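Q: Residues per chain, in single letters:
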Amino acid sequence: MTINTVLFAFPVNLIIGLSIVFAAWRFKSLSSDRHMTVALFLLIAAALVQGFMPSQASFTRSWPFVIVLTWFLTVLASRLFRRFSLAGFGLWLALWAGMLGTADASLTRVLVHREEYTQTELPFGMRLEDFQVNRYQTGEPMEYRAQIILRHAGLEHSKTLRVNHPVHFRGYQVYLADYDISKGSDSDYCIVMVTRQPWRWLVFAGILLMLGGAFKIFIL
Amino acid sequence: MTWEHHIIFAAVATVFWIAGSVTASTQVRKGPVWTISFYSAGVVVYAAYIAGLWVSMQRPPLMTLGETRLWYSLFLSLSGLITYIRWRYKWILSLTTVMSLVFVAVNVLRPGIHEQVLMPVLQSIWFIPHVTVYMFSYALLACTFLLAVAALVKPSLDVLPAIDKLSRAGLSFFTAGMLLGALWAKQSWGDYWTWDPKETWAGITWLLYVLFFHIKEIRPRARKLIFVSLILAFLSLQICWYGFQYLPQASRSLHNYETNVH
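Chains as they are written, first to last, in this note's numbering: chain A, 31 to 250; chain B, 689 to 950.
This is chain B alone, in the form it adopts within the complex:
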């Protein structure tokens, strides 16, 4: 399987995701069974493509930005599904579908094609946990971002319980991704933390999420402030994930695997 097959799997998954979103928001069927089945099928199809790409590349597809987008679409739709199963927000699936599709579309237009080899620095047991844990946390935090935006647009929505659960899980995974990265960095570059641009922005993002939790704790009624702090943290996450490449110091980043030799 190669990047050429991406569009086929993506199209099939998209049909399922849209079917799930439509049945959820219009509730044409009585129970949520159809919604959950459709949406799960989309997740499975997309996961199958990633698995196929992994097998045929003979390395995990986690190296380029394009490859991490695959995981992001997968985990985003998965966390949307979990949120739906748990809290039954009938609009959440539409939002996660739209976000997944944005990244699918970017990948269709600009796939992350790269040599099918793993450079020495990435040959480590830390590689897969570090990146997948991060991608999953990005997806969970994207859900909280969507919930916060929805609540700002429509203040009557009661999204705080969902935001609370999802942001806890999201920040736990984000923390784990960052710390696994620190342990790996010690093994490979010699120090736990070197203020590499990507590390610095991960640190800023982490602190902004901590600030969000802090505000939520000390001002539980300042809903607007809570939502705005959550949105700010998510914007910082975008810089951490890919935006840092456009900052002046990025070319020196040890995390720039698409341009660096090693």
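If we strip away everything but chain A, and leave its shape as in the complex, we get:
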């Protein structure tokens, strides 16, 4: 049931996204209250399925969920054509770009060793140079600090990775995700999460608009 997102890579996802907008504009009756009620009920039901799913199973990447979300986006867009609202548009943009952008996004967990550069599909290799766990007096970890070397086209770039402080490199974002807990600062490896999300700026814009809309609803 899980969708093979590769099939929807750019420009297919953009075409589908524009079709949603076109359908919403063309079929004005979609903006009725009844359609919105049904779409909301379906989306809540779909989210509840995910809410009760056992761990790891991802209902949100399956056809039923995506069809329900697409339907919700179409009805919402149709209502926005009739009556614009900042929060509604922000929500629409974030969900629209979030859903379609999944097809072009890559999120990979990579094991980075001290000895040799990683061999992955990424356009650059990574090697762990130094790893430090700084601790509080109680022994609890205060900071994880990984010094990694990124090798791209023969050039080496040394970067410091910390939790909450990702490194941006050639259109990718690199996050410190894990290390060898049993060895602490002597860890022979760290695990990084490498993401590439070309649509993320649209999601970001949607979130900002929605925040603005929420603020507007609060003060009015």
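FYI, nobody ran anything at the bench for these hints, they're computed from the structure. Bear in mind the structure is a predicted one, so any value in this text is a computation, not a measurement. Ideal Cβ placement from N, Cα and C applies to all residues, glycine included. Just to be clear, a hint being listed does not mean it is correct.
List time: in silico DSS-like cross-link candidates among lysine-lysine, alpha-carbon distance up to 30 Å [to be verified]: (1) B:K778 <-> B:K912; (2) B:K886 <-> A:K246; (3) B:K853 <-> A:K246; (4) A:K246 <-> B:K904; (5) A:K58 <-> B:K904; (6) B:K912 <-> A:K246.
Counterexamples of contact, computed for chain A against chain B with all Cβ distances above 10 Å [to be verified]: (7) V51; (8) F57; (9) S59; (10) D63; (11) F111; (12) G155; (13) D160; (14) E170; (15) M172; (16) R181; (17) R192; (18) P196; (19) K213; (20) D218; (21) R230.
If you want a taste of the chain B side facing chain A, the calculated C-beta under 8 Å gives, among others [claimed, not checked]: (22) I770; (23) S812; (24) I816; (25) R856; (26) Q875; (27) G878; (28) L895.
Here the structure of chain A is known, so what remains is to put chain B in place on it, guided by the hints.
A: This is chain B only, laid out in the frame that chain A set:
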């Protein structure tokens, strides 16, 4: 200041809160001045304890469930006070007092004691806004829940104007809490939204509140339906806040700071 002092501050605040509730509902005094003074004093005393705990722990007390309960009691009594000042429902303070006290009592029996350190993932400028905004919205939405229950029990009560204002403010804050969390998640875990159990239940809760607003808009006279949808949304909020920990997939949740290492 430590958790040992909690019971002292809580007792003093409780006396003030009860004094405020009693003067409000019996109106033994002419004006609301005494009520507002008593109740504000309770809020201030409880806030002082949280501030003291913050200073002595050298980190914001927002990490454990027990610590978020402190904020919840504080914001619940504060939003009860705001509701009273604005709409003068003489029974609202009694209800918010009872709810605040439930969480105070849970904290007296099971305080959220934790190492006085902040793990790396929580060391972020998003941390304080994300949690306090959420706690404040929970408190406002709890007030709307109380109003809805009261209206179901006693249909003659006209609570809709208050529910309207409070739920708007509550959902605005809830939305802000969720979106600040999304921005933080991108910074720290790599994606805005990963369908983590807590995120999923926040999403469900948010949608249920949107459904409530939708019903209120298209069926303004279906009072029962409006109140029931509001109550359902608040029940979902309980799963989002702490109930999700008892669901099978919760151990994998990135939000489980009381058991996770990082």
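Q: All hints are to be evaluated individually against the structure, with a verdict given for each.
A: To see whether the hints hold, each was checked on the structure:
Under the criterion of a C-alpha separation no larger than 30 Å, the hint pairing B:K778 with B:K912 is consistent with the structure, at around 23 Å. Taken as a hint, the B:K886 and A:K246 pair is honoured in the structure, with Cα atoms around 26 Å apart against an allowance of 30 Å. The suggested pairing of B:K853 with A:K246 holds, with an alpha-carbon distance near 13 Å, which does not exceed 30 Å. Note on A:K246 and B:K904: the hinted pairing holds, with a Cα-Cα distance of about 19 Å set against a maximum of 30 Å.
About 23 Å separates the Cα atoms of A:K58 and B:K904, which keeps this hinted pair within 30 Å; it holds. Distance check on the hinted pair: B:K912 and A:K246 sit about 28 Å apart at the alpha-carbon level, within 30 Å; holds. With a closest Cβ-Cβ approach of about 21 Å to chain B, A:V51 is found to remain outside the 10 Å limit, as its non-interface label requires. For A:F57, the shortest C-beta to C-beta distance to chain B comes to about 20 Å, beyond the 10 Å cut-off, and the non-interface label holds.
Distance check on A:S59: its Cβ is at least 16 Å (rounded) from any Cβ of chain B, clearing the 10 Å threshold; non-interface status holds. For A:D63, the non-interface assignment is contradicted: its Cβ lies about 4 Å from the closest Cβ of chain B, within the 10 Å cut-off. The claim that A:F111 lies off the interface holds: its Cβ sits roughly 18 Å from the closest Cβ of chain B, which is beyond the 10 Å cut-off. With a least beta-carbon separation of about 20 Å from chain B, A:G155 lies farther than 10 Å from that chain, consistent with its non-interface assignment.
No Cβ of chain B comes within 10 Å of the Cβ of A:D160; the nearest lies about 17 Å off, and the non-interface call holds. Against chain B, the non-interface label of A:E170 is violated: not every CB pair exceeds 10 Å, the least being about 5 Å. Residue-level check failed: A:M172 sits 7 Å from the nearest beta carbon of chain B, not beyond 10 Å. Distance check on A:R181: its Cβ is at least 21 Å (rounded) from any Cβ of chain B, clearing the 10 Å threshold; non-interface status holds.
Look at A:R192: its CB is around 7 Å from the nearest CB on chain B, not clear of 10 Å, so calling it non-interface is violated. Listed as outside the interface, A:P196 is inconsistent with that label: its C-beta sits roughly 7 Å from the nearest C-beta of chain B, within the 10 Å cut-off. In this structure A:K213 is separated from chain B by more than 10 Å, as the shortest Cβ-Cβ distance comes to about 14 Å. Separation of A:D218 from chain B is adequate, the least Cβ-Cβ distance of about 18 Å exceeding the 10 Å criterion.
Here A:R230 does not stay apart from chain B, with its beta-carbon only about 7 Å from theirs, under the 10 Å limit. Interface restraint check: B:I770 against chain A, minimum CB-CB distance 13 Å, threshold 8 Å, status violated. The criterion of a C-beta within 8 Å of any C-beta in chain A is met by B:S812, whose closest approach is roughly 5 Å, and the hint holds. Using the Cβ-Cβ criterion of 8 Å, the hint placing B:I816 at the interface with chain A is not satisfied: the shortest such distance is roughly 14 Å.
Hint on B:R856 holds. Least Cβ distance to chain A is approximately 6 Å, under the 8 Å limit. The beta carbon of B:Q875 is positioned within 8 Å of a beta carbon in chain A (closest approach about 6 Å), and the interface hint is therefore held. Annotation: interface hint on B:G878 holds; nearest CB of chain A at approximately 5 Å, less than 8 Å. Of the supplied interface hints, the one on B:L895 holds, with its beta-carbon coming within about 5 Å of a beta-carbon of chain A, less than 8 Å.
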